[in-house]
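**Student:** Chains A and B, in that order, give the protein sequences.
Take the first sequence: its position 56, counting from 1, is numbered 56 in the numbering used here, and each next residue is one higher.
Take any residue in the second sequence, count from 1 to its spot, add 1000: that is its number in the numbering used here.
Since the hints were derived computationally from the structure, they do not count as laboratory data.
From a predicted model like this one, the values you see are computed outputs, not experimental measurements.
All C-beta atoms, glycine included, are put in the ideal place defined by N, C-alpha and C.
It is possible that some hints are incorrect.
Stated by the list, open to error - Sample of chain B residues lacking proximity to chain A, with all beta carbon distances greater than 10 Å (derived):
(1) SER1005
(2) HIS1055
(3) LEU1086
(4) ARG1156
(5) SER1242
(6) GLN1243
(7) VAL1268
(8) THR1274
(9) ASN1303
(10) ALA1306
(11) PRO1312
(12) PRO1326
(13) HIS1390
(14) GLU1409
(15) ARG1417
Unchecked claim - With a straight-line Cα cutoff of 25 Å, these simulated SDA-like cross-link-like pairs (lysine to any residue) come out:
(16) LYS2/A to HIS1336/B
(17) LYS1353/B to GLN34/A
(18) LYS63/A to HIS1336/B
What the hints assert, rightly or not - To give an idea of the chain A side of the interface with chain B (calculated C-beta under 8 Å), a few residues:
(19) ASP12
(20) TYR18
(21) HIS38
(22) TYR42
(23) ASN46
(24) LYS48
(25) HIS51
(26) GLN52
(27) VAL66
(28) THR73
(29) HIS74
(30) VAL76
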Amino acid sequence: MKIHCPFCGARDHSEFTYSGDASVVRPDHGEQDQEVWHAYVYQRSNPKGVHQEYWHHTAGCRKFLVVERDTLTHKVASVKLVNRGAL
Amino acid sequence: MSHYSIFSLLKHALSGHKNWREAWRSPAPKSSYDVIIVGGGGHGLATAYYLASEHNVKNIAVLEKGWIGGGNMGRNTTIVRSNYMLPDNTHFYEKGMQLWEELSQSLNYNVMFSQRGVINLAHTPGQLDAYARRGNAMRIAGVDAELLDRAEIARRCPGLDMSETARFPIVGGLCQPRGGTARHDAVAWGYARAADQLGVDIIEKCQVTGFRRENGAVVGVETTRGAITAKKVGVAVAGHTSQVMQMAGLERLPIESHLLQAFVSEPVKPLIDTVVTFGAGHLYISQSNKGGLVFGGDMDGYNSFAQRGNLPVVEDVASCAMTMFPSLGKLRLLRHWGGIMDMSMDGTPIISKTPVENLFLNGGWCYGGFKATPASGWCFAHTIATGQPHDLNAGFSLDRFERGYTIDEKGVGPVPRLH
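Construct all of the structure, not just a fragment, from the sequences and the given hints.
**Tutor:** Following this line, the structure appears as structure tokens:
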């Protein structure tokens, strides 16, 4: 399974550390509702098909990537850098 | 009802073995049952058997989208053990061990349960201390455990690299003598036959496509073979737990489906007569009665429903295996496959009621479901029949994550690929 890192080019997936579902949004630091935290930490949709996921290029440039990959076919549709928003 | 015995064997020999009855019927689904079990793997079949045999439930159907035992029940590396450390796990798996020890007799079907011992190798004094702690936790719970020194391990596992220059020298290990292996297909077929003889309908090529609900409660299922009503429905589908439960309105679960590969070598004469696990990486190996070495290691480490894995794991597993038993390098790999592991967020299974009335869930088995087959079926049957978990599975509730009562053997947190 190859992942095309924007900085390093096409690399084998074993150069990266899988970091799970990229569609869950971390709550604000001051979030009081335990249910919101529970959903973020534990609850997953676990799709059989298209999945947005983090891969961290630990053996390369060490950037975090958001990869759109099909969990049934393993086909990678797109790779983007994680958007860190405005500085 | 055909009872297997030396007498039935002799009797059938007289007619050239042409008159054996099918081990289970293939009935068409009825329009209604007391309990429907979704999933005809080991756990679903065991649940149906214990519902009938322990709880006297009369009208039960097991619905399987493919053929029974064709999922992870047909893909595991056959290891049976009860050497867990956390109390909820220790007691649950030990109940399973006790069921295993009677299983061939109870089911009247030879499941080839072989208590050849399970040895966990330690490669540092610290690791051996950790194994001693686990062994003591087991013994406090009444489970057998012994600490082995180098000499004893060398005696039990000739072929193991015991040299001082080994990359990960072996300092000792933990053994559970009553652990071992069983023939996984036989367990599925044994439960299927025994359940069928108690009146359970086993319905293959029948996929659940939806749930029927009234006032929120489940009252039946839609399937590829028609609609079926039921008073209670239990789901035991392993890797596809999320997909099935989403049809009942449970959009998210503390589960990720991951990929695990397994391997069998060409058959050789007896080389390993116990189960050995590597302590410096994740690898477990034993030898089947056909002579092939059956082994496996880590998951690939990403969500997958592909049932086939990638080469880095193949290389890693082969390396670990050869590190332990260097002579394996001369063998050819004969079979290689993958499965879908329903990895829970704490690495511990779920046998539980759900927020949906009349709907029960058995899942989150990670890569350790095979050894749990009898205990899982026994506890799930209790939970469904009485509407409440047994003490043995009370800790395995679906809501433990939001209540803060996770059971994390490895202590790695909510990262499924690390469990």
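**Student:** Look at each hint and say if it fits the structure.
**Tutor:** Evaluation of the provided hints:
no. : hint                 : in the structure
1   : SER1005              : holds (45 Å)
2   : HIS1055              : holds (32 Å)
3   : LEU1086              : holds (18 Å)
4   : ARG1156              : holds (34 Å)
5   : SER1242              : violated (4 Å)
6   : GLN1243              : violated (6 Å)
7   : VAL1268              : holds (30 Å)
8   : THR1274              : holds (32 Å)
9   : ASN1303              : violated (5 Å)
10  : ALA1306              : violated (6 Å)
11  : PRO1312              : violated (4 Å)
12  : PRO1326              : holds (24 Å)
13  : HIS1390              : holds (24 Å)
14  : GLU1409              : holds (17 Å)
15  : ARG1417              : violated (6 Å)
16  : LYS2/A to HIS1336/B  : holds (21 Å)
17  : LYS1353/B to GLN34/A : holds (22 Å)
18  : LYS63/A to HIS1336/B : violated (34 Å)
19  : ASP12                : holds (7 Å)
20  : TYR18                : holds (4 Å)
21  : HIS38                : holds (4 Å)
22  : TYR42                : holds (4 Å)
23  : ASN46                : holds (4 Å)
24  : LYS48                : holds (5 Å)
25  : HIS51                : holds (6 Å)
26  : GLN52                : violated (11 Å)
27  : VAL66                : violated (14 Å)
28  : THR73                : holds (7 Å)
29  : HIS74                : holds (6 Å)
30  : VAL76                : violated (11 Å)
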